[in-house]
Each structure stands twice: as C-alpha cells, then as structure tokens.
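Read off the chains here:
Number of protein chains: 2
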Amino acid sequence: MTARYLEDYTVGQRFCSGRLRIDKERIKMFGAEFDPQPFHLDEDAARDTIFGGLAASGWHTAAVTMRLLVESDLKPAGGIVGAGADEFRWPRPVRPGDELRIESEVLEVRPSRSRPDQGVIKVRTTTLNQNDEAVQIIVANLVVPRRSTQDDKEISG
Amino acid sequence: MTARYLEDYTVGQRFCSGRLRIDKERIKMFGAEFDPQPFHLDEDAARDTIFGGLAASGWHTAAVTMRLLVESDLKPAGGIVGAGADEFRWPRPVRPGDELRIESEVLEVRPSRSRPDQGVIKVRTTTLNQNDEAVQIIVANLVVPRRSTQDDKEISG
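These protein sequences, in sequence, are chains B and R. Following our numbering, the numbering of the first sequence begins with 175 at its first residue and continues without gaps. Following our numbering, the numbering of the second sequence begins with 175 at its first residue and continues without gaps.
Chain B on its own, in the form it takes in the complex (with noise of 0.2 Å):
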C-alpha cells in the first residue's frame, strides 16, 4: 500500500481495520489517568452509576479508533492529520473485553482553497464491537496533500 494522495480519494471509498481487544485492567489504567470517575475505576462503584457497570472512557474508544484508523488501508500521504470534527457520538458504551473494529467512509474530498498544495477529505468512522453495534461515531476533516502541487515543486524546486 502505497500513501495516498487528494487525488486519490474519491466519494463512497470505504476503508476496514483488524480488531483490536478492550481489556479491564488498561480500562481502568486509561481512566485512572485521563477520565477518574467511578464508572471508568471499578467494577463496584460503577454498577450503580449510568453505565450500570465498568465502560471504557470515551477518550480511550476515540484513542483505539485512531490506532484502528492509523492501521487502516485510509494512509494519507503525511498522515492522519485531523483538522476537527463535525460529528462526533458514542452511542453505545464500550465494556472489558469488547473487541472493536473501525469501518470508514469517504463523504467529502475537496480542494483547499487557501492552501493550492492540499485539500480536506470528509471521513464518517463508525466503531463497531465484536457484536457489529457501533460504539462510536466521527464525522473528521481530514488535510491531505495534493499531487499536481508536489509535481510542480519538484519542477520549480
């Protein structure tokens, strides 16, 4: 799989990833660092919380989306650069030993217009668990660099 270039992005592109296991013990590691509330720290402290049990923060199923993602045959040329998102949901809570996978979809590929040497590719990356229900959704601006400008670098440079 070689980078992928503006050019080579095209509406209705659907990229898949590996899965990738959602285990207790970095459950409770993630929130103890990054999200301490009971539901993300114990099993019995979350069970009479909202979630009604132990759930991944929604920053760590965001996190294993972008690994999924990375991983992903999507590979823009220079990364995966997000410039924001316009949607952004979890529908569903993601529970020890939830096995998670990423399916995305090319919504939007444009030109930028301030920038002639890249463009922005719209991306819907919908988070499934091992039994197909998604856990997460994103809606990202991704920046891609354009081709023709390359070309023309390297002839003026």
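Be aware that one or more of the hints could be misleading.
Same chains, same label: a pair holds when it works inside one copy or across any pair of copies.
Within a straight-line C-alpha distance of at most 27 Å, the following computed DSSO-like cross-link-like pairs (lysine-lysine) qualify [said to hold, decoys possible]:
(1) Lys249 to Lys296
(2) Lys198 to Lys296
(3) Lys202 to Lys249
(4) Lys198 to Lys249
Hint data in this document are derived by calculation from the structure and do not stem from the laboratory. Just so we're clear, the structure is a prediction, and the values are computed from it rather than from any experiment.
With chain B fixed as given, assemble chain R onto it according to the hints.
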C-alpha cells in the same frame, strides 16, 4: 463543592481548571500506543512533517482535557457523561512542555423529552496552552440528572 443537577446550571456559567504539563516522553508513549505516526513519536522524524516537530496526538490533548474537566468545578451529579459533540477542533498543536488548562462555558440547558429524570447541558470547553492560545475547542452535550425527579423517587420509594 457538592454535585450539581440540571437545575443548578445556567447559560453563561463558566468553569476553570488548574494546569497540567504535557511531557515529551508521555507524548511519545501515547503516540506509540494509540497514534503511531512520525510526528507523535520522534523529534527527528517529526521535523519534515506538517507539524514541523514533535506534537501531541489530538487524542492525547482530548484525554488531558477530560482530566482537567473532571477536576474542574463543573461536577455534574452522576459524573461527566458525554453523549457526543457538536463541534470539535484542534486549532494549534500541543508541543512538549506545554502547560494546558481549560475554560468551559455552559451554552444551553434543556430537560430531556424522553427521560424525565435527566437533561442535557451543552458546554463549550476551550483548552489553552501557557500562552493562552487555544489548542482544542469542543462543544459537547453532557447528560445530567434532574433534581426534581430525584426527590420524586425518594418520596415514592
């Protein structure tokens, strides 16, 4: 500080946090686990990328922001539970040694239509570095319990 219910939040309320320093080694460790791309892993490799040097993964910034939010005076009863975000941007990279803090503002307070025991507050959280430059802006919807229904439960129980 006692925990707050939906009735305790008003539009325009603001909440601040302490500061948290982002170390170079933690940036690299987070990158290696969740966002293994050159600009999050190694100073030399990062130099020739869009970031022009080592930068924290946006998900690391998001996770640290959550930590600061949990430690702030926002303190919803039942914890900080995000249903999702309407806006999410990283206007500027986080560099090794940056000291981050947050400023949050309540934009909207509304009871849930389907769940009489809870509501949603919309909160904009800006993460700032030591030069007061915004490194992340998120407008999130948080699920918050209502006090009135809590009292009903105690009466009927």
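Here is what the structure says about each hint:
For the identical chains of this complex, Lys249 and Lys296 are intra-copy neighbours only, at 14 Å inside a copy versus 34 Å across copies, given an alpha-carbon limit of 27 Å. Taking the shortest Cα distances, Lys198 and Lys296 never come within 27 Å of each other, neither inside one copy (33 Å) nor across copies (30 Å). Only between protomers do Lys202 and Lys249 lie at most 27 Å apart by alpha-carbon distance; the minimum there is 20 Å, versus 31 Å within a single protomer. Taking the shortest Cα distances, Lys198 and Lys249 sit within 27 Å of each other only across copies (25 Å), while inside one copy they are farther apart (30 Å).
The structure fails to meet hint 2 from the earlier list, while all remaining hints are met.
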